[in-house]
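Asker: Use these hints to put chain B onto chain A, whose structure you have.
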Amino acid sequence: MERKKTMVRDIDRTVYDIKDKVNPSYQVREGLTAEIVGEISKAKNDPAWMRDFRLKSLEIYNELPMPGWGPSLDGLHMDDIVTYIRPNTPMRGNWAQVPDDIKNTFERLGIPEAERKSLAGVGAQYDSEVVYHNVREEVRRQGVVYTDMESAIRDPKYGPMVKGHFMKLVPPTDHKFVALHGAVWSGGSFVYVPPHVKVSIPLQSYFRLNAPGAGQFEHTLIILGEGADLHFIEGCSAPKYNVANLHAGCVELYVAKGAHLRYSTIENWSKNMYNLNTKRALVEEGGTVEWVSGSFGSHVSYLYPMSILKGENSRMEFTGITFAGKGQNLDTGAKVVHAAPHTYSNISTKSISKDGGVCTYRSSVEILPQSYGCKSSVSCESLMLDDRSRSDTVPAMDIRNDDVDVGHEAKIGRISDDAIFYLMSRGISEEDARAMIVTGFAEPIAKELPVEYAVEMNNLIKLEMEGAIG
Amino acid sequence: MLLEVKDLKVSVDGAVILDGLNLNVGRGETHVLMGPNGAGKSTLVNTIMGHPAYKVERGSIRFDGKDITHAPANERAKAGLFLSFQSPEEVPGVTLENFMRTSRVAVTGKPVRLFAYKRELKEKMDGLAMDGEYASRYLNVGFSGGEKKKSEILQMLMLNPKLAILDETDSGLDVDAVKIVSQGVEKFKNPENSLLIITHNTKILEFLKVNYVHVLMDGKIVKTGDSGLIDRINESGFQQLAASGAV
Chain A
173 MERKKTMVRD
183 IDRTVYDIKD
193 KVNPSYQVRE
203 GLTAEIVGEI
213 SKAKNDPAWM
223 RDFRLKSLEI
233 YNELPMPGWG
243 PSLDGLHMDD
253 IVTYIRPNTP
263 MRGNWAQVPD
273 DIKNTFERLG
283 IPEAERKSLA
293 GVGAQYDSEV
303 VYHNVREEVR
313 RQGVVYTDME
323 SAIRDPKYGP
333 MVKGHFMKLV
343 PPTDHKFVAL
353 HGAVWSGGSF
363 VYVPPHVKVS
373 IPLQSYFRLN
383 APGAGQFEHT
393 LIILGEGADL
403 HFIEGCSAPK
413 YNVANLHAGC
423 VELYVAKGAH
433 LRYSTIENWS
443 KNMYNLNTKR
453 ALVEEGGTVE
463 WVSGSFGSHV
473 SYLYPMSILK
483 GENSRMEFTG
493 ITFAGKGQNL
503 DTGAKVVHAA
513 PHTYSNISTK
523 SISKDGGVCT
533 YRSSVEILPQ
543 SYGCKSSVSC
553 ESLMLDDRSR
563 SDTVPAMDIR
573 NDDVDVGHEA
583 KIGRISDDAI
593 FYLMSRGISE
603 EDARAMIVTG
613 FAEPIAKELP
623 VEYAVEMNNL
633 IKLEMEGAIG
Chain B
2 MLLEVKDLKV
12 SVDGAVILDG
22 LNLNVGRGET
32 HVLMGPNGAG
42 KSTLVNTIMG
52 HPAYKVERGS
62 IRFDGKDITH
72 APANERAKAG
82 LFLSFQSPEE
92 VPGVTLENFM
102 RTSRVAVTGK
112 PVRLFAYKRE
122 LKEKMDGLAM
132 DGEYASRYLN
142 VGFSGGEKKK
152 SEILQMLMLN
162 PKLAILDETD
172 SGLDVDAVKI
182 VSQGVEKFKN
192 PENSLLIITH
202 NTKILEFLKV
212 NYVHVLMDGK
222 IVKTGDSGLI
232 DRINESGFQQ
242 LAASGAV
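From first to last, the protein sequence lines are chains A and B. Just add 172 to the spot in the first sequence (first one is 1) and you have the working numbering. Just add 1 to the spot in the second sequence (first one is 1) and you have the working numbering.
Just chain B, same shape as in the assembly:
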């Protein structure tokens, strides 16, 4: 198992958001996490990534054989975890290119060869239809919503993590941008690595083979199924699903 979340209880500023949550993601698998607004989906992925504001009160998170429940976020990144943020931060004065180079060095622990790195970056930006000029712009500063999401996917491609978590990477994007981002995710996916995708949309899943779909409600996973579950939710909604006793 690549990711094992066991009996997780998480609070933010004293309010319990998750309680008794279990989730397993195996190698090579693609999981989709759905749930109504405010159910705690972002809380879960921020906790998995190690945001200090999310307090783990009980339970554990294991990744790639190691307990990372209390590890700092940078150690999790080095272990092969990646989170594509819903609203990525703007960092003035630090260019995208230098930031990603620093990040690559930090994650791999190896120096990068400058020209090879620049070539790779250029190729991946082309693949995402990103103007090369963005490489020398300050990280996310003045980027549109779509450009920020592309920048997240670019970072994912450059870091090549074992598990990539996408937190509503497809929301707020126009049709063309969703297509480009989806193709980027498809390019990333191989038989070894895994995806955990939070989405309200099925467009991003079009090119992917989804293995499991989880429904998060009331602080825990209330249902797990195959990709067929997505259609059922889209037809009848979460409340109906809960009320029907499908849980």
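If we strip away everything but chain A, and leave its shape as in the complex, we get:
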């Protein structure tokens, strides 16, 4: 019998692909020069230290080489990228005041609805600036600060805190694109949770890049006091254009003694996006950082959230899923440094590649000489849906202490014809059988994603039948 080839479909991108008319109040010209950086700094009314920081970062950017080890960045030309586009509105604390076109975009993405239903606060960035920020009154009363970075820098109380932490964990010298970030960053969120304050429902920042040929460089800085608890969700998307867009955000997370932070990301950039993002957490004694990461979009991604386990008994858990379709080369994974004794890390990832998509899992586990009694386990599983797709695994381990327990497991596979036949023999169509197997493969990760993003996962794999997710 001739085999029919039915494929698991692409992510339904309709809602993300709706473009607004580009209507900025101000933008810089393409390219990256000291004049442009100075212009951004002036437009943003930076304090002097920030202006100096930007120019210093630009110098570092010009000195550092392009990364030569990952997916090709040949299609990215900095001379063509507009690094700053200010939307035609100031930041609002009320959706009614946000201009209709921008508000409608966030409505379509379900942000205001999620805010009403299940979030403690929302920040929404459109191109280079945050257009909406709000936090529930009861959370504000707990002393929680959740605002845009620009307001935080100028705040008399929190300005010094920002200055003391901004790009201290991820210095501009780290790599070329984080130096770029230091030079042209704009927007993003600042969160401060005071000691022993537990925020019971999540905060969410959503980043939308609407303009073609533009870059988005938001900075997220989260500082948790001792024993604090927070779940932060980050979402991002953009409509598709024929020119390259660039995202080089930076996330810095400070988790104090005994604090707990869960950081969830759903990345759904369009397939013309170069996503060169840098995220890092510093975890003190007995603290925990949990990363949940879904990477579905972008043309090229380099994304390896890093955790530095600085204090004894600190912990990190990373749960990630990556889905690469046609024209996508997604290089994702995680890094951890065990810098203290009795620290624990667990990295669990899954990837799916189809239609010529490439998924590379890349990780690094480092255990320093002083870090005895550590435990680390790494597990990565890949599923390739056809012969044209690729999946690679590049795990690195650097273990400098003998008294540790380290495990690594990697599995790469394809959908078995026998499994499809088995499901089909129970009346399920071939397409649904494939979808069921892929959904099942992703299920242990999917159930870690924020509930309000369930729809994203449902878009991932088209499900014709009800209740197929286990």
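It is worth saying that the hints were derived from the structure and are not from the lab. A few of these clues could be false.
To be verified - Label pairs and their in silico Cβ distance ranges: (1) E285/A - A117/B: 40 to 48 angstroms; (2) R59/B - K191/A: 28 to 36 angstroms; (3) G66/B - E285/A: 32 to 40 angstroms; (4) K119/B - S372/A: 27 to 35 angstroms; (5) G66/B - G247/A: 56 to 64 angstroms; (6) R562/A - S145/B: 33 to 41 angstroms; (7) S244/A - V17/B: 46 to 54 angstroms; (8) P112/B - P366/A: 45 to 53 angstroms; (9) V187/A - G21/B: 52 to 60 angstroms.
To be verified - Examples of chain B residues toward chain A, derived with CB under 7 angstroms: (10) M50; (11) N75; (12) K79; (13) P93; (14) A117; (15) V176.
As the list claims (entries may be wrong) - Pairs of lysine-lysine residues, derived as DSSO-like cross-links and limited to a Cα-Cα distance of at most 30 angstroms, are as follows: (16) K619/A - K111/B; (17) K221/B - K123/B; (18) K228/A - K329/A; (19) K123/B - K79/B; (20) K619/A - K370/A; (21) K163/B - K188/B; (22) K119/B - K224/B; (23) K619/A - K210/B; (24) K619/A - K119/B.
Using N, Cα and C, we set each Cβ at its ideal position, and we do this for glycine too.
Answerer: What follows is chain B alone, placed relative to chain A:
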């Protein structure tokens, strides 16, 4: 006639396994298929169910009045065919309960009423001495051999096919499990539906009235008889049967 297999020639990866095979199964009948290891029994039932690796080179398969020779497996399931697999696949991330609900909807084309469905599932699992916890476990993942076979019989009971084919459902089971599975099959059987059973064992047949026994050797059915044939084979073996000219 419910199932009519005519002059079937089947190859796998270019090797001919069945050639000139004929088999008829009528409504309400119970048939037993026997034969030495490697004779092609599993090839036959996988071909009847529509596994794409088994290539039909000649002949036809009709089921319930329709030619299904080249129909995809899911269409055969919808027509009322069921195969209990010798080694059922494991499907991670899909629970038994949701899988069977999806399967029920696909086969019947009708939505299920959730509470009635759950009650029915619970009853049938109880009947097979299956722990209710299995409903929320991933399909066959980490199931023992016996649990996998019970899960197959559970699926048969939930889908209620016109013809159920059991491919060595009783092999590798302990005495108690064989008894439970046999009782499940007995419960399924009614005057309307039919069974085609591959077995090396007679335990599973204890509660059933067997109408025909077929011997498959050298790619075709070489002998058909009544249930008495089982005893003769068990006494003297397939080779003896062939050599004696009984064929």
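Asker: Does each hint fit the structure? Answer for all of them.
Answerer: Results for each hint:
Under the hint 40 to 48 angstroms, the C-beta atoms of E285/A and A117/B, about 34 angstroms apart, miss the expected range. Taken as a hint, the range 28 to 36 angstroms is violated for the pair R59/B and K191/A, whose Cβ atoms sit roughly 58 angstroms apart. A hinted range of 32 to 40 angstroms for the beta carbons of G66/B and E285/A is inconsistent with their spacing of about 52 angstroms. In this structure the supplied range 27 to 35 angstroms holds for K119/B paired with S372/A, their Cβ-Cβ distance being about 32 angstroms.
A beta carbon spacing of about 59 angstroms between G66/B and G247/A agrees with the range 56 to 64 angstroms that was offered as a hint. The hinted range of 33 to 41 angstroms is satisfied by R562/A and S145/B, whose Cβ atoms lie roughly 37 angstroms apart. A hinted range of 46 to 54 angstroms holds for the C-beta pair S244/A and V17/B, which are about 50 angstroms apart. A hinted range of 45 to 53 angstroms for the beta carbons of P112/B and P366/A is consistent with their spacing of about 51 angstroms.
Our hint of 52 to 60 angstroms for V187/A and G21/B holds, since their Cβ atoms are close to 58 angstroms apart. Residue-level restraint check for M50/B holds (minimum Cβ-Cβ distance to chain A is 5 angstroms; threshold 7 angstroms). A distance limit of 7 angstroms between C-beta atoms decides the matter here; for N75/B the minimum to chain A is near 4 angstroms, and the interface restraint holds. Checking K79/B against chain A: minimum C-beta separation of about 5 angstroms stays under 7 angstroms; hint holds.
Interface hint at P93/B: satisfied, since its Cβ lies 5 angstroms from the closest Cβ of chain A, which is below the 7 angstroms cut-off. Below 7 angstroms, beta-carbon pairs count as interface contacts, and A117/B has none with chain A, the closest being about 15 angstroms; its hint is therefore violated. Restraint check, V176/B versus chain A: the minimum CB separation of about 28 angstroms is more than 7 angstroms; hint violated. For the suggested pair K619/A and K111/B, the alpha carbons sit about 28 angstroms apart, so the restraint of at most 30 angstroms is met.
Between the alpha carbons of K221/B and K123/B the distance comes to roughly 41 angstroms, so the proposed pair goes past 30 angstroms and is violated. For the hint pairing K228/A with K329/A, the CA-to-CA distance comes to about 26 angstroms; that is within 30 angstroms, so the pair holds. Between the alpha carbons of K123/B and K79/B the distance comes to roughly 24 angstroms, so the proposed pair stays at or under 30 angstroms and holds. Distance restraint check for K619/A and K370/A: the Cα-Cα separation of roughly 23 angstroms lies within the 30 angstroms cut-off, and the hinted pair is therefore satisfied.
At most 30 angstroms may separate the alpha-carbon atoms for a hinted pair to count; K163/B and K188/B meet this at roughly 14 angstroms. Only pairs whose Cα atoms come within 30 angstroms are accepted, and K119/B paired with K224/B is rejected, the gap being roughly 44 angstroms. A threshold of 30 angstroms between alpha carbons decides the hint, and for K619/A with K210/B the separation of about 49 angstroms lies outside it, so the pair is violated. Using a Cα cut-off of 30 angstroms, the hinted pair K619/A and K119/B holds, with the two alpha carbons roughly 23 angstroms apart.
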